[in-house]
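Enquirer: Taken in order, these protein sequences are the chains called A and B.
Counting from 1, one number per residue, gives the positions in the first sequence under the numbering used here.
Counting from 1, one number per residue, gives the positions in the second sequence under the numbering used here.
None of these hints come from the bench; they were simulated from the model.
Possibly wrong hints are sitting among the right ones.
Since the list gives no way to pick out one identical chain from another, each pair is judged satisfied if it fits inside one copy or across any two copies.
Unchecked claim - Derived SDA-like pairs (lysine to any residue); straight-line CA-CA distance at most 20 Å:
| hint | residue 1 | residue 2 |
| --- | --- | --- |
| 1 | K47 | E308 |
| 2 | K298 | P64 |
| 3 | K47 | A314 |
| 4 | K47 | F296 |
Please read all numbers here as calculations on a predicted model, not as lab measurements.
2 protein chains.
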Amino acid sequence: MTRFREHGEDEIRQWADQIKNGDNRMIARAISCLESGDSRGEALLEKLYPRTGQAFLVGLTGAPGAGKSTLTDRLITHLRGEGCKVGVLAVDPTSPFTGGAILGDRVRMGRHALDSGVFIRSMGSRGNLGGLARATREAARILDAAGFEVIVIETVGVGQSEVEIMHLADTVALVLTPGSGDAVQVFKAGIMETADLFIVNKAERAGAARLVRDIEEMLSLAKGEGEWIPPIIRTEGKTGRGTDELWGGLQKHRRFLREKGQWEERRRTHLQREVQTIIEETMRAHLLQEMNSPSFRKDLDRMQIRQESPRRVARKWLNRLLGGGEEGGGT
Amino acid sequence: MTRFREHGEDEIRQWADQIKNGDNRMIARAISCLESGDSRGEALLEKLYPRTGQAFLVGLTGAPGAGKSTLTDRLITHLRGEGCKVGVLAVDPTSPFTGGAILGDRVRMGRHALDSGVFIRSMGSRGNLGGLARATREAARILDAAGFEVIVIETVGVGQSEVEIMHLADTVALVLTPGSGDAVQVFKAGIMETADLFIVNKAERAGAARLVRDIEEMLSLAKGEGEWIPPIIRTEGKTGRGTDELWGGLQKHRRFLREKGQWEERRRTHLQREVQTIIEETMRAHLLQEMNSPSFRKDLDRMQIRQESPRRVARKWLNRLLGGGEEGGGT
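Put together the whole structure using the sequences plus the hints.
Expert: The structure is reproduced here in structure tokens:
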């Protein structure tokens, strides 16, 4: 056992070195480990954690067809021109697929295949949104440790799932398009508060000015004094127009957060949330296992014939789980 | 202390007796206790639990304006004609208000004010959906113990919140209206599986036949052999037409569940879910308290300067919470 373990540690050290050296194939392998729950993934993260926290994590969210990947592509080209390494994690909670081989992504990856300064990967859920958020967060950490300076996290859709995943980005940009009715949806879903930047993409289309006005109106209702006022940036994915302004807006937000002391505060909140999520998920797994025991089945029987109430049974199992071991207890 | 406690037990016994006797004012007071977290509420539930499990819990859900309360009113009149006691819990997750004094409900309550065989109550959240579901479940139990034979749980809207609350009903009826685009929404949100009955209300309007066809089409895709096929019932809230069929459909579903042995099974699932929810909510409260401690703050500091990883910190606190007390641990 000891020998195996030492061998394991050697392997992890070697992997970590390769990642630090920016070996994209090893990065891909590490992310696969994290997705599949391979324990080497966790060991690797542990080793790399001290090197993380450097990258700028940008969240890019919006409805399907809003043009997120084209925009990301434009951003990659722009940033590569400045010599900046860029990682992309394309998150699709509705896709059961993992491993970066969705057709569109293959095309994108092909374009940058020879450029080791770009890493693109699709992250699909396997029905478990919590797991997806965790894998994405940890994949971003691998890229961070590998020296990627900007990491774009693309998420599909507008809804709770995105809000969840967006809690790991430093800056969140929301992509809207003219005539899609997105703005109303966004307002309804309470996503306004999550967005640090608004991007009106396909700005060459009719209705762009109207969309900008709608967003401005919403913003005037929502934001208070001295707070960050999300800029509204017009982009044209097709021509690349507006990409400079987009990157400018992202940088401006980062500066704002740093100047106001909100940068570390936001990251602290994210770390706290991350710990909470890991604890709750582990506890839930533990609880579901307990609830499969014959002893719990018996309690279910007793509840069903009204011998014991749900609150009382809950308290009993809670005591068991929390190690107290006391059963029962009065009202 | 002992004296007080004895006095408390006397009080609870007296309350329980009044509820068993169908004293509506005492029922209202008990529900208020449950909503506000007054410990007498829990004590009372404990005492009444053996008397519960008799009532038929009907969930009625649909978008605002679908005519749920008018339908409920028609159902009340119909059931009162059969000598059946009816309780109504109107759940509105978007309303911060509790206590049954929403204007529309006042009107409804006024109409039945002299009839002790009817009890109507609005349940509003105070920002906490979990709390609302629990309070509603427990309010239904009070009504059950008081001898109400049918309890209608009305919920506003079509979404996750309703699915949550619908997990406490024996039979779920979904109210749709012609021309509202509801059917598509419902299909998207995956609510089809939750509905045991479809009600096409305002069936006098244009588009009713179309809506029925749409639902039929969806149903043909979704349901398997030997399973319950949800009937589609046309109602006209305004005239009361279709109320007989509605009650007939509800009864038919109850019979089906009983004949197939699914009645107890469903209730068992609900009880299990209830226990799980209570445990998870309590654990979360416990966890959030721990995360406010200076000791956790220190761990946050350490994570932020990359001395310790989130997974490691999570494991440490998990061990603490679960009573193990061991800290650290390997990879």
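Enquirer: Run every hint past the structure and note whether it holds.
Expert: These are the hints, each one checked on the structure:
no.	hint	in the structure
1	K47 x E308	between (49 Å within a copy, 10 Å between copies)
2	K298 x P64	neither (48 Å within a copy, 42 Å between copies)
3	K47 x A314	between (39 Å within a copy, 16 Å between copies)
4	K47 x F296	neither (40 Å within a copy, 22 Å between copies)
Checked against the numbered hints above, the structure violates hints 2, 4; every other hint is satisfied.
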